[in-house]
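Keeping the supplied structure of chain G fixed, place chain U upon it in accordance with the hints.
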Amino acid sequence: MRPAARGDTDRGRAIGSAAPSGHGIGLAGRIGGVFGFVLAALPFFVVETSAADPVAAPIAAQAEAAAAPAPVAAPRGLRGDPQAHVLEEIARARTRSSGIDRATPLERGRRIFAATGGCTCHTDFPGEGSEAPALAGGRALETPFGIYYSTNITPDRETGIGRWSLEDFTRAMREGLSPGGEHYFPVFPYPAFTGLSDGDVADLKAYLDSLPAIRRENRPHDAHLPYSFRPLLAGWKWLNFTPGRIPDDPALDPASNRGRYLALAAAHCGECHTPRTATGGLDRSKWLAGSREGPEGELAPNITPDEKTGIGDWSIPDLVWYLETGLKPDGDDTQGLMAEVIRHGYANLPREDREAIAAYLKSVPAIENRVRGD
Amino acid sequence: MTRFVFARFESLAPAPVFAAAVFASAVGTLWLAPREAAAQAAASEQGVVEYRQLLMSAVGSNMGAIGGILKNQLVRPGAVANHAQQMADAAKLIGPAFEQKVTAGKTDAKAEIWSDWAKFEQAIADYEKAATNLATAAKGSDPAAVGLAVRALGESCGGCHDSFRKPKEESYKNR
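From first to last, the protein sequence lines are chains G and U. When the letters of the first sequence are read in order and numbered with my numbering, they come out as residues 1 to 374. When the letters of the second sequence are read in order and numbered with my numbering, they come out as residues 1 to 175.
Hints were generated in silico from the structure; no laboratory data involved. One thing to keep in mind: the hints can contain errors.
[As the list claims (entries may be wrong)] The list that follows gives simulated cross-link-like pairs (lysine-lysine, BS3-like), each with its CA atoms no further than 27 Å apart:
# : chain 1 : residue 1 : chain 2 : residue 2
1 : U       : Lys-168   : G       : Lys-308
2 : U       : Lys-139   : U       : Lys-106
3 : U       : Lys-173   : G       : Lys-308
4 : U       : Lys-106   : G       : Lys-308
5 : G       : Lys-308   : U       : Lys-119
Chain G with its partners taken away, still in its complex shape:
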C-alpha cells in the first residue's frame, strides 16, 4: 500500500482544485465521510435530498412528500453487479462509524473503478449473460486486427492478478507492460489509463483486491499477423502511445478539468468514440468524432458538440442523465458496450463526476463527422 501522504499530493495535482476535500472524494467529503460516500454513490436523487441542497425541493415535490432518508442497503439490485457486496460493506461501515470524514482507499477505489466504466471488458456478458463471473476475463474482443480475449483481473493468485504488487499493477496501467516485461496489446486501454494519478491507481488496486477471487485460466489471443506478434508492439507504442500524466488544460475551469481527467484517463471515452488510423492508433484530429468500427464492431456515435452530426443539441442535464440512466433525450435506451459501461460504471459515480464529464464534453471542439444515418 502506498503512503497516504504521497498519494494525496499526487491526487491533488491530478485533479486540481476540483477535489476540495483533498481526499479525492469532493462532494462526498463535504457531506461527511463514509456516510457521504454512500449518498454520493447512489443515483443523484439521493444526493438531492440533502437538506442543505437547494435543488432537493423539486425532486422531493416530484415524489409528493418530504425528503426520505437514504436506504442503507446496496442500492443497485439491477443486473449483475460485482460491487454489490462492497456497497453493503460500506453501508455497514456507515452504521458503525458515521461521522468519520475520510474515505478509505476502498471507497476511493470504487469511485475510480466506476469511472473506468466498471472494467466490463473483463466480464464476458456477451458470452455468458448477466451472470457471467465478474472480471474473470475470457471475453472475446473483436477488433479489425483480430480477436483478443480479456484477462482475469480478479485477485485469484494463480489465474488472476492476486500476486501482483502495486508496482506491477502500476506498470501495466501506466506503461502497458506485464509483470514479466511483455508489451500488452492496446485492446487494453493503457494509452488512456497512463494518465491516472498514482493515488488513483493504488486505490483502484485496493478495490480490485477486495473483490471475490475467481479461478479461470486466460485464453490465448486469436489475432492475425503482424498484430499477434508482441515484440512489434514496441513499434506500435512508439507511434501511438505517449505515456504519462495528462496536464490540466489551463483554458478550462476546475470542474471541466476534473471531467477531462476522468474522461481521458479513467473513462477512456476516446478509445471507443475516436476513429482509428491504419495502424490502430487513435486519430486525434477526430477526437470523439465517432467511429463506425468501435470495439466489438459497434458503431460509436460522434459525441462532439457538432450540431449536425454530433450531440450539440444535448444539454448538460441531458448528458448527466444519460451517463446515469443510458436514456437519450428522445427517451430511447442504449445498447451494447455503452449500456454496460454506464450500468456497471458511470452510473455509480457521484453525480458531480458525471457533471464534470458533461462539462468537459461541452468544451471539446465540434467536429463534423457523420457515422450514422439519422
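Then chain U, alone, in the frame of chain G:
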C-alpha cells in the same frame, strides 16, 4: 335466370359489344386481382411495421418525458406517475402490435420475436412490472426509490431490445 339477364342486356346492347365487355372484365379481374391483393398485403405489412414503431416511439416519448422532468428538476406533481402509468398501459398493446410476423422492409425487429415468442412475452411482462413499479414509487415519498425505478425501467427496454431489436449498426435508420 342467366337467360333472363342476357335477354335484358341484349335489349340494351348488341351481342358482340356485350361479349367483349364480359371478356374484358373477366380478364381484368383475373389479371388485377392477385396484384391488388399483393399490393394490399404489402401495404398492410408496411402498416404493421409503421404502427408498432409508432407504439415504441410513444413508449420512448413517455420515457423521455420522465427524464425531461427529473433531469431538469421541473416541478410537475403527479406527472412522473402519470407517464409511468401510460407506459404500463402500453404494455398491453405491445403483444398485439407484434403478433403478425413482418421482418422485411424498414424494420429493426428480429425474427427471434416469432421463434421465441414466450421470451418476448416475458420481456413485455418485465417491462410492464418495471413501469408499474415506477408509477408506484413516484406516488411514494422516497426519491431514491424513484431513481432506482427509473433505471430499472430503462434497463427493461434493454431486456427486450438486446434480444429482439437489431443493433444500431444494422438499423434501418443507418442503412
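Evaluation of the provided hints:
Of the pairs offered as hints, the one joining Lys-168 of chain U and Lys-308 of chain G holds, with about 18 Å between alpha carbons and a cut-off of 27 Å not exceeded. Distance hint between Lys-139 of chain U and Lys-106 of chain U is unfulfilled; the C-alpha atoms sit about 39 Å from each other, more than 27 Å. A threshold of 27 Å between alpha carbons decides the hint, and for Lys-173 of chain U with Lys-308 of chain G the separation of about 16 Å falls inside it, so the pair holds. With a C-alpha separation of about 23 Å, the suggested pairing of Lys-106 of chain U with Lys-308 of chain G holds against the 27 Å cut-off.
Our distance criterion of 27 Å between C-alpha atoms is broken by Lys-308 of chain G and Lys-119 of chain U, whose separation comes to about 38 Å.
The earlier numbered hints that this structure contradicts are 2, 5.
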